[in-house]
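**Student:** Residue numbers (our numbering), protein chains in the order written: chain F, 1 to 418; chain P, 1 to 418.
Residues on chain P that point at chain F, a partial pick, calculated with CB under 10 Å:
| hint | residue |
| --- | --- |
| 1 | Arg104 |
| 2 | Lys112 |
| 3 | Ile215 |
| 4 | Lys340 |
| 5 | Val360 |
| 6 | Tyr366 |
| 7 | Val367 |
| 8 | Ile416 |
Everything labelled a hint here was simulated from the structure, so no lab data went into it.
Cβ atoms here follow ideal geometry from the backbone N, Cα and C, with glycine treated the same way.
There are 2 protein chains.
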Amino acid sequence: MSIREEIIAQAREARRAARILANLSTEVKDQALEAIAQSLEVSMAEIMAENRKDLEAGEKAGLSKALLDRLLLNEERIKGMAEGLRELIKLKDPVGDIIEMWRRPNGLQVGKMRVPMGVIAIIYEARPNVTIDAAGLCLKAGNAVILRGGSEAINSNRILARIAAEAIARVGLPAASIQLIQTTDREAVSVLLGLNEYLDLLIPRGGAGLIRRVINEARVPVIETGTGNCHIYVDQGADLEMAREIVFNAKTSRPGVCNAVETLLVHRDIAGEFLPELYQVLKESQVELRGCPGAREIIPEIKEATEEDWQEEYLDYILAIKLVKDFEEAVNHINTYGTKHSEAIITNDYSRSQRFLQEVDAAAVYVNASTRFTDGNQFGLGAEIGISTQKLHARGPMGLNELTSCKFVIYGQGQIRE
Amino acid sequence: MSIREEIIAQAREARRAARILANLSTEVKDQALEAIAQSLEVSMAEIMAENRKDLEAGEKAGLSKALLDRLLLNEERIKGMAEGLRELIKLKDPVGDIIEMWRRPNGLQVGKMRVPMGVIAIIYEARPNVTIDAAGLCLKAGNAVILRGGSEAINSNRILARIAAEAIARVGLPAASIQLIQTTDREAVSVLLGLNEYLDLLIPRGGAGLIRRVINEARVPVIETGTGNCHIYVDQGADLEMAREIVFNAKTSRPGVCNAVETLLVHRDIAGEFLPELYQVLKESQVELRGCPGAREIIPEIKEATEEDWQEEYLDYILAIKLVKDFEEAVNHINTYGTKHSEAIITNDYSRSQRFLQEVDAAAVYVNASTRFTDGNQFGLGAEIGISTQKLHARGPMGLNELTSCKFVIYGQGQIRE
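My request is simple: use the sequences and hints to build the entire structure.
**Tutor:** Right, dumping it as structure tokens:
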């Protein structure tokens, strides 16, 4: 079989499985999740042996320490995956919820019921735990999933997907509910992107190159997960201690993630008071600052920021700083340079707090809190399949609800249309 | 300027306009809708003169009577467009609604606020009234719109779009909120489909050829509106008079639309009693029947149905009939051949009614009512921009809510992430 034929055969099986999954009770789906969790725990040695192969190949290929660490599966991480599945069991199953229902003048009752998407494909890079996390989330929401992981993790992904498929088969679910693309050939991605006949949704999780390729080639509906060039605006009259703590947290708690702050906007009237102390604490954490001329007048030691700095998602210990003359300039800067991910204002002014929430166009807009909270668990969604930066279907952190669609259910008593 | 440059310039203007529209009050948007309505009413002669050009060109090109009728704008139809806009004024503005909000253990309040999509492109065929209907819907939901109509209606579309843009400019809105692609060159569609940098959503409204082209080429998020191969299943023990009325209504009230029934499934135990009378009433309305062998044993006069008949959306006075041995066979047939549009069961059995709603995978599933109700107005959405047959974002009739996205709004008191 060609790669194309093989993947189409998998997609057909996934579609068949999806029909069955859509009508399973929550109880049965939860049993399947528990079965996977137990299988992971009893297969630790086997998983680590396969993971070893990926690590060795990665070392040979000269992968960075950071990448090798992302690749690593040890007992703790495998237990973590099992725990993640058990957390999913505790979450409410969205399928079958009637989210609204109303009666029409002719007596028809029209309601909207949550239903599974059907077949979801996930294309991801490096971290093999995504194999289990994504499979679990899709399963709980009644979807079949086709997984395409990074080639560096192929041995780990294969064993994880096989364990999951076998575990759910043992409790009576179709094994094809969880399938991994077996080849590492890049052609497989192209094939997946064209399968609009079989796939209801495709979610790419990875770097800008992957996302771009998916957007450009896909015929399948896609949810774009993307970059975060996030801002914090410290307003006139803000609580400056709060502002410092939030900026410090948003920059240094985990600089490599999409909800970390990249540019700080400061009202010029408070910059002289605010920036020097902030500079001290950031310097202690090895954060490099790059400032506009105004900021450099206050802290001459810092580098000059260029136009590129306003655009860049550093994902690193670097922060750009710009003074603004008023609220409007801040909002304008954010709406111009932001990637519509997470944006925050630190203020004590009621009306500007409301205007910020209203006028800034982003997946998550904050008053007086760190941008680092943009995350499914932090928002209380219970789990997260990714953070959408597009506006269609889901925006921001996506949990179980976002892995469902709706259908109209209509209860009649013989109504016909005039 | 090349076509590409021209359209990109329009898209840039649309983006700028969208930023302003997103923050307008409902009152101002409603004033703009009223301004368009009044402009249409005072410009009737001008509109009809431009429409005359399209009609003459259409006659020369040998368009069918039906197509020429779709193209025609007379006083009544222009008044109808104005009335449609005034209906929109009465509808609730979804923008700014907080659809849910909850408090996290750390005190953060996390809510979801409805916001406009941004810039929406609509590609449509033939009927020029879509120019005004779509512009009005997009505007009420705070979106800028780029319209690409069919070449047959170009003169009508140009005058309508110009009137709308000038009318809203008079009440202070950016004229670029409503823009028409001025060229009829097919290249314009290709350019639009690639503008993912500027467009948040593209909705194609038209025949299968257009939809396929859009799905294949688009980099912009698309909502697929599609064909309806709709079924009615008449269950054992159904109220047969109700069943007859519903089938008659679903087939004959408007056979050319997507929510008309195309295949009738009948439980074999009641077919002998049900079909002959149904045959009489359908014959009187010139409906051609095509049946499976079992149906032809009961009504030998009808044609034989082939495999193609189960697949086809006739959009005509034709109905395929198949006897089934049980509920499962009916659901299976629907899930195999249906296009996931509108499906109905006629039954008095409680448990099968519930199972049908659950197990049939379609945008709208009915018990004891005509499939013809699948429509934004009939469902009480107030208006409709199209009927989605995909699962992402919106499924079934789409009203104002479906032209919005959400953002997370977070109220903090200085929270930082551990």
